[in-house]
Amino acid sequence: MGRFNKYLGEAEEIEIEYKNGTKEILKLKPLEWTDIKNLLLIGKDFGKNTENPLEGINEKTIDLMQDMVLKTMKLSYPEEPEDELKAFATKNFMILIPIIIDLNLNVGSSEKLEKIKQLQKRVKEDARKIPTDKTA
Amino acid sequence: MLERFRQIKQLDEDENLIGIHDELMRNYGYISIYELKKMPIPTVLELLDQIRKYKERLKRSLRKR
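Heads up: the sequence lines are chains A and B, in that order.
Going from the first sequence to my numbering is simple: count from 1 and add 386.
Going from the second sequence to my numbering is simple: count from 1 and add 287.
Since the hints were made in silico from the structure, they are not lab data.
Treat the hints loosely; a few may be bogus.
In silico EDC-like cross-links for lysine to aspartate or glutamate, where the CA-CA straight-line distance does not exceed 16 angstroms [what the hints assert, rightly or not]:
no., chain 1, residue 1, chain 2, residue 2
1, B, K324, A, E410
2, A, K413, A, D488
3, A, K423, A, D453
4, B, K324, A, E418
5, B, K324, B, E310
6, A, K477, A, E410
7, A, K413, A, E398
8, A, K457, A, D421
9, B, K325, A, E418
10, B, K324, B, D309
11, A, K472, A, D488
12, B, K325, A, D421
Negatives, chain A to chain B, calculated, CB over 12 angstroms [stated by the list, open to error]:
no., residue
13, G407
14, D449
15, T476
Pairwise CB distance ranges (calculated) [unchecked claim]:
no., chain 1, residue 1, chain 2, residue 2, range
16, A, L427, B, R339, 19 to 27 angstroms
17, A, E445, B, M312, 35 to 43 angstroms
18, B, K324, A, E399, 22 to 30 angstroms
19, B, R350, A, N444, 21 to 29 angstroms
20, B, G306, A, I411, 33 to 41 angstroms
21, B, K351, A, K405, 52 to 60 angstroms
If you're wondering where the values come from, they're calculated on a predicted model, not measured in any experiment.
Quick reminder that beta carbons are idealized off the backbone N, C-alpha and C, glycines included.
Here chain A stands alone, though its shape is the one from the complex (with noise of 0.2 angstroms):
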């Protein structure tokens, strides 16, 4: 197991407000880095229009998005089957995939913040165990 591995996976619980109006709270975990890429294509289209950022996205980063929330819905309900999350990642795309943007990209809240400084803290705390050539 990498050193790493105890401060990955920490799901962010977000209300979904559906189309029909009833609210639900999902607990969503962020993509790996190597989605990155993908998120980058998405960037060049999205928001080429501050007033409609939707407005301009051809058919492939439509595909890419999708993607990226059934895979980002198969991290966090792993136990869930394959095929009701497909579904439930096609029908609520266009809800999710701003709160997906925005839970991968965005660290501008305070306890987001606070959670960083933890996670320094604890970086720091583990690299003071870590024997060095001197110790040894």
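For chain A, the structure is supplied; the task is to place chain B on it using the hints.
Leaving out everything else, chain B in the frame of chain A:
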């Protein structure tokens, strides 16, 4: 959110996977490439951000001397 995309795009132009791997290892010790690939995006971004802030502080303190 759009601002964050701009920052990420900048990151993509400036750094590649190996560059990021090298930067993290310089600061936190050995990390396997597999481990890096599996790390959540916000964790990697924040670690890189912390390294950048540390470098800026170091530069400022060196300038003062």
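Hint-by-hint comparison with the structure:
For the given pair, K324/B sits about 31 angstroms from E410/A by alpha-carbon distance, which is inconsistent with the 16 angstroms threshold. The suggested pairing of K413/A with D488/A holds, with an alpha-carbon distance near 14 angstroms, which does not exceed 16 angstroms. The suggested pairing of K423/A with D453/A holds, with an alpha-carbon distance near 13 angstroms, which does not exceed 16 angstroms. Under the criterion of a C-alpha separation no larger than 16 angstroms, the hint pairing K324/B with E418/A is consistent with the structure, at around 6 angstroms.
Our distance criterion of 16 angstroms between C-alpha atoms is met by K324/B and E310/B, whose separation comes to about 14 angstroms. Between K477/A and E410/A the CA atoms are separated by roughly 15 angstroms; this keeps the pair inside 16 angstroms, and the hint holds. Of the pairs offered as hints, the one joining K413/A and E398/A holds, with about 5 angstroms between alpha carbons and a cut-off of 16 angstroms not exceeded. With a CA separation close to 10 angstroms, the supplied pair K457/A and D421/A stays within the 16 angstroms bound.
For the hint linking K325/B to E418/A, the alpha-carbon distance of about 5 angstroms falls within 16 angstroms, and the restraint holds. This hinted pair checks out: K324/B and D309/B have alpha carbons roughly 13 angstroms apart, not beyond 16 angstroms. Under the criterion of a C-alpha separation no larger than 16 angstroms, the hint pairing K472/A with D488/A is inconsistent with the structure, at around 21 angstroms. For a cut-off of 16 angstroms, the pair hint linking K325/B to D421/A stands: about 10 angstroms separates their Cα positions.
For G407/A, the non-interface assignment is confirmed: its Cβ lies about 25 angstroms from the closest Cβ of chain B, beyond the 12 angstroms cut-off. Look at D449/A: its CB is around 19 angstroms from the nearest CB on chain B, clear of 12 angstroms, so calling it non-interface holds up. In this structure T476/A is separated from chain B by more than 12 angstroms, as the shortest Cβ-Cβ distance comes to about 23 angstroms. Look at L427/A against R339/B: about 24 angstroms separates their beta carbons, and that is inside 19 to 27 angstroms.
Checked against the given bound of 35 to 43 angstroms, the beta carbons of E445/A and M312/B, roughly 39 angstroms apart, stay inside it. Against the hinted window of 22 to 30 angstroms, the Cβ-Cβ separation of K324/B and E399/A comes to about 26 angstroms, which satisfies the hint. The given range of 21 to 29 angstroms is broken by R350/B and N444/A, whose C-beta atoms sit roughly 47 angstroms from each other. Between G306/B and I411/A the Cβ separation comes to about 38 angstroms, which falls inside the hinted range of 33 to 41 angstroms.
About 58 angstroms separates the C-beta atoms of K351/B and K405/A, a value consistent with the hinted range of 52 to 60 angstroms.
Violated hints, listed in ascending order, are 1, 11 and 19; each of the other numbered hints is respected by the structure.
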